[in-house]
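If you read the protein sequences in the order shown, they are chains A and W.
Each residue of the first sequence is one higher than the one before, starting from 1 at the first, in our numbering.
Each residue of the second sequence is one higher than the one before, starting from 1001 at the first, in our numbering.
Any given hint could be a false lead.
[Unchecked claim] Calculated pairs, SDA-like style, for lysine to any residue (alpha carbon to alpha carbon, straight line, at most 25 Å):
1. W:Lys1111 with W:Ile1121
2. A:Lys55 with A:Ala27
3. A:Lys55 with W:Met1141
4. A:Lys55 with W:Gly1106
5. W:Lys1111 with W:Thr1156
6. A:Lys55 with W:Glu1098
7. A:Lys55 with W:Ile1135
8. A:Lys55 with W:Ala1019
9. A:Lys55 with W:Arg1137
10. A:Lys55 with W:Gln1127
11. W:Lys1111 with W:Trp1047
12. A:Lys55 with W:Asp1005
13. W:Lys1111 with W:Arg1045
14. A:Lys55 with W:Ser1125
15. A:Lys55 with A:Cys41
16. A:Lys55 with W:Thr1139
17. W:Lys1111 with W:Gln1127
18. A:Lys55 with W:Asp1027
19. W:Lys1111 with A:Tyr21
20. W:Lys1111 with W:Ala1157
21. W:Lys1111 with W:Tyr1033
22. A:Lys55 with W:Ala1107
23. W:Lys1111 with W:Gly1149
24. W:Lys1111 with W:Gln1017
25. W:Lys1111 with A:Ala60
26. W:Lys1111 with A:Thr56
27. A:Lys55 with W:Gly1016
28. A:Lys55 with A:Gly45
29. W:Lys1111 with W:Thr1050
30. W:Lys1111 with W:His1145
[Said to hold, decoys possible] Per label pair, the in silico range of CB-to-CB distance:
31. A:Pro29 with W:Asn1058: 39 to 49 Å
32. A:Ser49 with W:Ile1036: 16 to 26 Å
33. A:Ala60 with W:Ala1042: 30 to 40 Å
34. W:Ile1036 with A:Glu39: 18 to 28 Å
Note that these hints are calculated values from the structure, not bench results.
Think of the CB as a built atom: it goes at the ideal place given N, C-alpha and C, for glycine as much as any other residue.
Residues per chain are reported as follows:
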Amino acid sequence: MILTRLSRSRCHRVARVLQSYLDGEVAPPTAAMVAEHLETCRRCGLEASTYTAIKTAIMAGGPDLAPVGDQAVQRLRQFARDLSEPPRH
Amino acid sequence: MPHVDVLYRVALSLTGQPADAEDLVQDTLIRAYRAIDRFDGAHPRAWLLTILRHTHLNRIRGRRPELLRDGDSAQRTLEVTGPPVPSAEDFVVSETFEAVVAESLGALPDKHRAVVTLVDIEGLSYQEAADALGIPRGTVMSRLHRARGRIRTRLTAAGLVSQKGRM
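Looking at chain W on its own, in the form it has when it is part of the complex (with noise of 0.2 Å):
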């Protein structure tokens, strides 16, 4: 099973809990399993990846049934989850390029957070981070980019990089 580690890392994206990420994967495995007649065979990594996300909101809709009130729910249950926002007071700009970068990562919208999260650190395609997060690959490219735009826009301002490019 080749995918599994991709598995647990959207898994631990999503619930934010180690133990309870290995309970969505095992979850996830059974259930793409008991499904293994209807696949395709065509893209299993993004097959699994929809599987783990149906497997997420199946689990949370008992135990937070208004999470689902909107469609865009497991970006909720991101946001629910996921990382407290630095508040004002807590953004120190500092002087070196990566501290600005996790500075600005953390300071980024929920929803902003979680793609950047899913393709850049989890190394997931645009697609799969679509099908992991239940959005438009159009959506995940367009929250991806203008991430990266507002941590260039602070490295900018904290004097890194000049208009034109990295000084």
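For reference, chain A alone in the conformation it holds in the complex (with noise of 0.2 Å):
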């Protein structure tokens, strides 16, 4: 009983820092916690395995900035490079 009661104090504590957790802005020893109740909790597994999925596809769906965004990209670090080093005369 008071097992049960601890294990579910912990899986409120691990939901509420659940997807900073995964975005990795959390402490080390918060996030030494989270991982340390991912194994053992199958619940709380699957809702990061959930999150995890959400933001893979999420990162899987964003705009393809290759081909413009390359070519911006270069020009961009050219000017950065005039800008820091102006032509010598």
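Starting from the two chains in their separate frames, assemble the complex, guided by the hints.
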């Protein structure tokens, strides 16, 4: 009974920080606590895999900037180089 | 200049137009070089993103002054230039996980979609997204988590995710 309450309490704590954990935005001690819990709690593990899948699907469906973006980024890098190294006369 | 690609992608999110985004990054770089003496050397990406946001606001101030009447101006700009939200008639429930996620993302409120775009697609940290949008880090976090929660709710409604997790 006590163990069940403790486990539920840990589930609530993990639920509050789960997305930040998956984004790599929690402090190391919190990350360790969440990682340990996810290994032993099936329900929270499923929740983590759901949000990981959502995050992956969003990343995969992002705009493809490669063709135009690459050229633009190359021009901007050159612009930045020109700014930092003005032509010598 | 290792942060040019991130600046360009965030500029593209803010302006919605590749040419405008390139101009915005050029102006940002010029401002950054002029202000380099006042930069303390810590968190260069966040520093550049802050300059980018200020530069963006200055550029639109002349064009659309009405956008700057309230405090959430960067967000308002995103709402104006962001992709249109599909109407209820446009929303078709698809059978695939990825398609439902994409449709759900399009149906999010603009301010929520903007945060998801910056963090999940552009790869910004919470603080960097906060700097780019001019909102507190906690607001980035709450909008992001709420947005993903909405996507999860739609996945559950489509039968692709159970209440307990992915099926």
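Hint-by-hint comparison with the structure:
Taking the CA atoms of Lys1111 of chain W and Ile1121 of chain W, the gap is about 15 Å. The hint holds against a cut of 25 Å. Taking the CA atoms of Lys55 of chain A and Ala27 of chain A, the gap is near 20 Å; set against the 25 Å cutoff, the hint holds. Pair hint Lys55 of chain A plus Met1141 of chain W holds up; C-alpha atoms about 14 Å apart against a cutoff of 25 Å. A hinted pair counts as satisfied when its Cα atoms are at most 25 Å apart, and Lys55 of chain A with Gly1106 of chain W qualifies at roughly 15 Å.
Our distance criterion of 25 Å between C-alpha atoms is met by Lys1111 of chain W and Thr1156 of chain W, whose separation comes to about 23 Å. Restraint check for Lys55 of chain A and Glu1098 of chain W: satisfied, since their Cα atoms lie roughly 10 Å apart, inside the 25 Å limit. Among the hinted pairs, Lys55 of chain A with Ile1135 of chain W is consistent with the structure: their alpha-carbon atoms are about 22 Å apart, no more than 25 Å. This hinted pair does not check out: Lys55 of chain A and Ala1019 of chain W have alpha carbons roughly 29 Å apart, beyond 25 Å.
A C-alpha spacing of about 19 Å is found between Lys55 of chain A and Arg1137 of chain W, which places the hinted pair at or below 25 Å, so the restraint holds. For the given pair, Lys55 of chain A sits about 18 Å from Gln1127 of chain W by alpha-carbon distance, which is consistent with the 25 Å threshold. Taking the CA atoms of Lys1111 of chain W and Trp1047 of chain W, the gap is near 22 Å; set against the 25 Å cutoff, the hint holds. Under the criterion of a C-alpha separation no larger than 25 Å, the hint pairing Lys55 of chain A with Asp1005 of chain W is consistent with the structure, at around 21 Å.
The suggested pairing of Lys1111 of chain W with Arg1045 of chain W holds, with an alpha-carbon distance near 22 Å, which does not exceed 25 Å. Between Lys55 of chain A and Ser1125 of chain W, the direct Cα distance comes to roughly 14 Å. Compliance with the 25 Å bound is thereby established for this hinted pair. About 21 Å separates the Cα atoms of Lys55 of chain A and Cys41 of chain A, which keeps this hinted pair within 25 Å; it holds. The hinted pair formed by Lys55 of chain A and Thr1139 of chain W meets the criterion: a straight-line CA distance of about 19 Å does not exceed 25 Å.
Between Lys1111 of chain W and Gln1127 of chain W the alpha-carbon distance is near 16 Å, which keeps this suggested pair within the 25 Å criterion. Between Lys55 of chain A and Asp1027 of chain W the CA atoms are separated by roughly 32 Å; this puts the pair beyond 25 Å, and the hint is violated. Straight-line distance between C-alpha atoms of Lys1111 of chain W and Tyr21 of chain A comes to about 22 Å, which keeps the hinted pair within the 25 Å bound. For a cut-off of 25 Å, the pair hint linking Lys1111 of chain W to Ala1157 of chain W stands: about 23 Å separates their Cα positions.
Only pairs whose Cα atoms come within 25 Å are accepted, and Lys1111 of chain W paired with Tyr1033 of chain W is rejected, the gap being roughly 31 Å. At most 25 Å may separate the alpha-carbon atoms for a hinted pair to count; Lys55 of chain A and Ala1107 of chain W meet this at roughly 16 Å. This hinted pair checks out: Lys1111 of chain W and Gly1149 of chain W have alpha carbons roughly 15 Å apart, not beyond 25 Å. For the hint pairing Lys1111 of chain W with Gln1017 of chain W, the CA-to-CA distance comes to about 18 Å; that is within 25 Å, so the pair holds.
This hinted pair checks out: Lys1111 of chain W and Ala60 of chain A have alpha carbons roughly 21 Å apart, not beyond 25 Å. Pair hint Lys1111 of chain W plus Thr56 of chain A holds up; C-alpha atoms about 21 Å apart against a cutoff of 25 Å. Using a Cα cut-off of 25 Å, the hinted pair Lys55 of chain A and Gly1016 of chain W holds, with the two alpha carbons roughly 22 Å apart. Distance hint between Lys55 of chain A and Gly45 of chain A is fulfilled; the C-alpha atoms sit about 15 Å from each other, no more than 25 Å.
For the hint pairing Lys1111 of chain W with Thr1050 of chain W, the CA-to-CA distance comes to about 18 Å; that is within 25 Å, so the pair holds. Restraint check: the Cα-Cα separation between Lys1111 of chain W and His1145 of chain W comes to about 12 Å, which is no more than 25 Å; the hinted pair holds. Checked against the hint of 39 to 49 Å, the pair Pro29 of chain A and Asn1058 of chain W passes, with Cβ atoms roughly 42 Å apart. For Ser49 of chain A and Ile1036 of chain W, the hinted distance range of 16 to 26 Å is not satisfied, since their beta carbons lie about 45 Å from each other.
The given range of 30 to 40 Å is respected by Ala60 of chain A and Ala1042 of chain W, whose C-beta atoms sit roughly 33 Å from each other. A hinted range of 18 to 28 Å is violated for the C-beta pair Ile1036 of chain W and Glu39 of chain A, which are about 47 Å apart.
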